[in-house]
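So you can see what is in the structure, the chains are spelled out below.
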Amino acid sequence: SQTIHQWPATLVQPVGSPLSLECTVEGTSNPNLYWYRQAAGRGLQLLFYSVGIGQISSEVPQNLSASRPQDRQFILSSKKLLLSDSGFYLCAWSGGYRDSPLHFGNGTRLTVT
Amino acid sequence: SQQGEEDPQALSIQEGENATMNCSYKTSINNLQWYRQNSGRGLVHLILIRSNEREKHSGRLRVTLDTSKKSSSLLITASRAADTASYFCATLNILTGGGNKLTFGTGTQLKVEL
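Chains as they are written, first to last, in our numbering: chain P, 236 to 348; chain R, 1213 to 1326.
Simulated from the structure, these hints should not be mistaken for laboratory data. We put the beta carbon where it would ideally sit given N, CA and C, even for glycine. Any given hint might turn out to be false.
Said to hold, decoys possible - Here are the computed distance ranges between Cβ atoms for each label pair: (1) HIS1269/R <-> SER236/P: 20 to 26 Å; (2) VAL1256/R <-> PRO243/P: 18 to 24 Å; (3) THR1279/R <-> PRO249/P: 47 to 53 Å; (4) ASN1230/R <-> GLY287/P: 29 to 35 Å.
Modelling step: build the complete structure from the supplied sequences, incorporating the hints.
Take a look at the structure:
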């Protein structure tokens, strides 16, 4: 069966520090991968998606970047965090067909101080 | 931007009662999905309804879709305390670069009390 791992679960970082969040998927090949951010009491905002190794698309301009160095690995990064980067970050994967649902990791709670 | 908007924002019911949540969206869709999120966790897919379907069932869940009104509803029958969670609708658009873009609403917080 497929599983998705996301870490760390919580993170407190000072403003201006770098960020690296990692997500890996097991049990499937060539998944579509996604990074979402959820602000408190809000819905999810799509940040990045990837349909293959090295292929990254950004949905919103921001202080973050994403990379996919391996088929089942998706990394969210920042060189210098801003206070506004605080939030709940969720990684997800889906199959390549239209009705494929998203399967989410358990998220990372990031607090920038 | 938020495509789906859930109504109500919060709902509190007694165990055994039915819970109904509504979702409205703005643009045409390929399908509409409902997800559940327990506090501080990732979302879990519950049910998907295609744009050419009007109703779908899965266990205690019943979803309806009215594309003319751009709305959907999720009914949870015979609710249990374990159903306490936030529920989100999400509409599907196909991304130009491939992949599925799900646009999520702001969610309904359901509390089921014993």
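What hint numbers does the structure not satisfy? 4
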